[in-house]
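Position one of the sequence shown corresponds to residue 1 (this note's numbering), numbered consecutively onward.
Just so you know, these hints were derived from the structure itself, not from any lab. Certain hints may be false.
Straight-line C-alpha distance at most 20 Å; calculated EDC-like pairs for lysine to aspartate or glutamate [stated by the list, open to error]:
| id | residue 1 | residue 2 |
| --- | --- | --- |
| 1 | Lys130 | Asp117 |
| 2 | Lys76 | Glu98 |
| 3 | Lys82 | Glu98 |
| 4 | Lys82 | Glu66 |
| 5 | Lys82 | Asp117 |
| 6 | Lys90 | Asp103 |
| 7 | Lys76 | Asp103 |
| 8 | Lys76 | Asp87 |
| 9 | Lys129 | Asp117 |
| 10 | Lys129 | Asp87 |
| 11 | Lys82 | Asp71 |
| 12 | Lys129 | Glu98 |
| 13 | Lys82 | Asp103 |
Computed Cβ-Cβ distance ranges for the label pairs, DEER-style [to be verified]:
| id | residue 1 | residue 2 | range |
| --- | --- | --- | --- |
| 14 | Glu128 | Lys82 | 29 to 39 Å |
| 15 | Pro86 | Gly131 | 17 to 27 Å |
| 16 | Pro86 | Lys130 | 34 to 44 Å |
| 17 | Gln73 | Gly125 | 17 to 27 Å |
| 18 | Asp132 | His72 | 14 to 24 Å |
| 19 | Thr88 | Glu128 | 30 to 40 Å |
| 20 | Tyr67 | Gln108 | 13 to 23 Å |
Every residue, glycine too, gets a C-beta built ideally from N, C-alpha and C.
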Amino acid sequence: AKPTHISAIALPIGGSGEHFAFTAAGGEGEGLLARRFAEAAESTLHAVSSVVDYPLGFVKEAARPEYWVPDHQMVKCHHCEKAFTPDTPKHHCRCCGEGFCTDCSGSQRSVPSRGWDHPVRVCVGCNEKKGDL
Numbered sequence: 001a002k003p004t005h006i007s008a009i010a011l012p013i014g015g016s017g018e019h020f021a022f023t024a025a026g027g028e029g030e031g032l033l034a035r036r037f038a039e040a041a042e043s044t045l046h047a048v049s050s051v052v053d054y055p056l057g058f059v060k061e062a063a064r065p066e067y068w069v070p071d072h073q074m075v076k077c078h079h080c081e082k083a084f085t086p087d088t089p090k091h092h093c094r095c096c097g098e099g100f101c102t103d104c105s106g107s108q109r110s111v112p113s114r115g116w117d118h119p120v121r122v123c124v125g126c127n128e129k130k131g132d133l
């Protein structure tokens, strides 16, 4: 009879103290497959857990298009010049990338020149432009 191997692997998930458990039983070939799967899972979980450890603000900044004005540079609405406070939401126009208050960026249009093929937030100035954005 062919020997049966049981592979049990517990992989740590970040610094949470929790583990991802993977168990596989089978012949020698399946054990190797289980080990490869576990190594891939460990690598993936490690990458995901390291992203979760970053502050949300850092992740948001890294995911924003390059043409957007960074949040820390937006001190007032680019259109009405209303000062931004901690209670005032800042919005980026998907066309020009400038920062606007809610009232000055309430319109939606597609902006194919920037890769937005569906309606997205645009400022009053860009919304007044004729033709494709």
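- Task: Could you tell me which of the numbered hints above are not met by this structure, giving the numbers in increasing order?
- Result: 4, 5, 10, 14, 15, 18, 19
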